[in-house]
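K.L.:
So you can see what is in the structure, the chains are spelled out below.
There are 2 protein chains.
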Amino acid sequence: MNVKTLCLGVLSLREASGYEIKKEIEEGLFSHFIDASFGSIYPALMQLNAEGLVTLRAEEQTNRPDKKVYAITEAGSAALIKNIQVLPARDKYKSEFLFEMLFQEFLPPDFLRLAIEKQLTDLKEDLQRITECRLEETCEFGSNFVMDYGEAVLSAGVKFLETKLTNLHISSVKAAQ
Amino acid sequence: MNVKTLCLGVLSLREASGYEIKKEIEEGLFSHFIDASFGSIYPALMQLNAEGLVTLRAEEQTNRPDKKVYAITEAGSAALIKNIQVLPARDKYKSEFLFEMLFQEFLPPDFLRLAIEKQLTDLKEDLQRITECRLEETCEFGSNFVMDYGEAVLSAGVKFLETKLTNLHISSVKAAQ
DNA sequence: TGGTTCTATATCGAGCTGACATATATCGAA
DNA sequence: TTCGATATATGTCAGCTCGATATAGAACCA
Numbered sequence: 097m098n099v100k101t102l103c104l105g106v107l108s109l110r111e112a113s114g115y116e117i118k119k120e121i122e123e124g125l126f127s128h129f130i131d132a133s134f135g136s137i138y139p140a141l142m143q144l145n146a147e148g149l150v151t152l153r154a155e156e157q158t159n160r161p162d163k164k165v166y167a168i169t170e171a172g173s174a175a176l177i178k179n180i181q182v183l184p185a186r187d188k189y190k191s192e193f194l195f196e197m198l199f200q201e202f203l204p205p206d207f208l209r210l211a212i213e214k215q216l217t218d219l220k221e222d223l224q225r226i227t228e229c230r231l232e233e234t235c236e237f238g239s240n241f242v243m244d245y246g247e248a249v250l251s252a253g254v255k256f257l258e259t260k261l262t263n264l265h266i267s268s269v270k271a272a273q
Numbered sequence: 097m098n099v100k101t102l103c104l105g106v107l108s109l110r111e112a113s114g115y116e117i118k119k120e121i122e123e124g125l126f127s128h129f130i131d132a133s134f135g136s137i138y139p140a141l142m143q144l145n146a147e148g149l150v151t152l153r154a155e156e157q158t159n160r161p162d163k164k165v166y167a168i169t170e171a172g173s174a175a176l177i178k179n180i181q182v183l184p185a186r187d188k189y190k191s192e193f194l195f196e197m198l199f200q201e202f203l204p205p206d207f208l209r210l211a212i213e214k215q216l217t218d219l220k221e222d223l224q225r226i227t228e229c230r231l232e233e234t235c236e237f238g239s240n241f242v243m244d245y246g247e248a249v250l251s252a253g254v255k256f257l258e259t260k261l262t263n264l265h266i267s268s269v270k271a272a273q
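Listed in order, the protein sequences are those of chains A and B.
Sequential numbering from 97 applies to the first sequence in the numbering used here.
Sequential numbering from 97 applies to the second sequence in the numbering used here.
In short, the hints are calculated from the structure, not lab data.
Among the hints, a few may not be true.
Straight-line C-alpha distance at most 20 Å; calculated EDC-like pairs for lysine to aspartate or glutamate [what the hints assert, rightly or not]:
no., chain 1, residue 1, chain 2, residue 2
1, B, Lys-188, A, Glu-213
2, B, Lys-255, B, Glu-232
3, B, Lys-190, A, Asp-187
4, A, Lys-118, B, Asp-218
5, A, Lys-178, B, Asp-244
6, A, Lys-188, B, Glu-213
7, A, Lys-190, B, Asp-244
8, B, Lys-190, A, Glu-232
9, B, Lys-164, B, Asp-206
10, A, Lys-260, B, Asp-206
11, A, Lys-220, A, Glu-120
12, B, Lys-190, A, Glu-221
13, A, Lys-260, A, Glu-228
14, B, Lys-220, B, Glu-120
15, B, Lys-190, A, Asp-131
16, A, Lys-178, B, Glu-120
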């Protein structure tokens, strides 16, 4: 699965500019399970346009570069549907946090606590974003599935880390006594 | 966090060849939260060697290319400890599965079930690998933290998907009646 | 008035993946 | 017994992606 298919996915919900696609990926429904940068989105849109899978309409704006609004074509929809009918590749999960935790014996206690608190904040932000997505009633069939899955997994992480933090607190109080 | 730091991390546990590092990343403790290919591991090891962060010993083998065994140096350990004392970047999670689920209204019911079953199998395989890691008593301070976190999150995913599959079954039976 | 953030497009070096090439050993199935 | 698959073992390379950077005006707050 590449950025081109991802763009087709976003454009199948509504037409959008490259900038708006990036925002959808960062803040919207897609944010929990996919990422892409401008450096891959813009070339992908140009290619999709060349292949006839999207159309391009330049929206004039006073004193700004034209907003290039892309819309999916029928061929694009067909390509999307074809691309998603492939057994999904294994999830890819990269976590510097867990890497650092593996070597926590070499970390100063204060830093350890700070790192765990950051991870907790990140997870809670993700959960918050899901809550916001639920309020914006854009709910298709699949979006509830995705949001419920995300909520289940993220909540489990939050619960685990909160317990760990409490234990850390207790043991540091004990050590001080 | 790059592949060089990752290699230092693995080598801090025991000396290993590039091939063995890859295996550790695929099957061992690191598998839950990091990935790297030969195309990045071999160049990383060469660079680390050039920088004096690891040493290289060629182990002769009959009828096979020499096994190049790398070991971390003191400078390497220092570099590792320095590199992990940076607040971790946000977790990166990429899931083709969830992308497909978002558009599940366009998927044939049989494929939908198959995709969910594959995801479930993948998650259970990950859980199984954690169980195996627990048996091999290589447990450092941090490894329990990492394994417990992984178990918490993966179990939540499994539980969610099993419920979904049951519901799918019920609704397809109802539809058949 | 000045600083920060937002809208908006685009490029590019560096890093990484996934596929391929190479070579041998081992082990089960046809 | 032969054939294919899997495992050991190192390495290259095209192509994809990230993250930083460039550009530039708008909006907003202090």
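K.L.:
Take a quick look at whether B:Lys-164 and B:Asp-206 sit within 20 Å of each other, Cα to Cα.
P.N.:
48 Å, violated
K.L.:
Within a Cα-Cα threshold of 20 Å, do A:Lys-220 and A:Glu-120 meet the stated pairing?
P.N.:
Holds - the C-alpha atoms of A:Glu-120 and A:Lys-220 are around 19 Å apart, at most 20 Å.
K.L.:
Check whether the Cα positions of A:Lys-188 and B:Glu-213 lie no farther apart than 20 Å.
P.N.:
17 Å, holds
K.L.:
Does A:Glu-232 sit within 20 Å of B:Lys-190, going by the straight-line distance between their CA atoms?
P.N.:
Judged against 20 Å, a Cα distance of about 24 Å means the pair is violated.
K.L.:
Is the straight-line distance between the alpha-carbon of B:Lys-190 and that of A:Glu-221 20 Å or less?
P.N.:
17 Å, holds
K.L.:
Verify the proposed pairing of A:Lys-118 with B:Asp-218, using a straight-line Cα cut of 20 Å.
P.N.:
Roughly 29 Å between the alpha carbons, so the hint for A:Lys-118 and B:Asp-218 is violated.
K.L.:
For A:Lys-190 and B:Asp-244, compute the direct alpha-carbon distance and say whether it is at most 20 Å.
P.N.:
17 Å, holds
K.L.:
Take the C-alpha atoms of A:Lys-260 and A:Glu-228, compute the straight-line distance between them, and say whether it is at most 20 Å.
P.N.:
28 Å, violated
K.L.:
Are A:Lys-178 and B:Glu-120 close enough, with their CA atoms no more than 20 Å apart?
P.N.:
Roughly 36 Å between the alpha carbons, so the hint for A:Lys-178 and B:Glu-120 is violated.
K.L.:
Holds or violated: B:Lys-190 and A:Asp-187, Cα atoms, limit 20 Å.
P.N.:
6 Å, holds
K.L.:
Quickly compare the C-alpha distance for B:Lys-188 and A:Glu-213 to 20 Å and report which way the hint goes.
P.N.:
Given pair B:Lys-188, A:Glu-213 holds - Cα atoms ~17 Å apart, limit 20 Å.
K.L.:
Compare the distance between the alpha carbons of A:Lys-260 and B:Asp-206 with 20 Å, and conclude whether the hinted pair is satisfied.
P.N.:
With Cα atoms ~41 Å apart, A:Lys-260 and B:Asp-206 exceed 20 Å; violated.
Hint violations for this structure: numbers 2, 4, 5, 8, 9, 10, 13, 16, all remaining hints satisfied.
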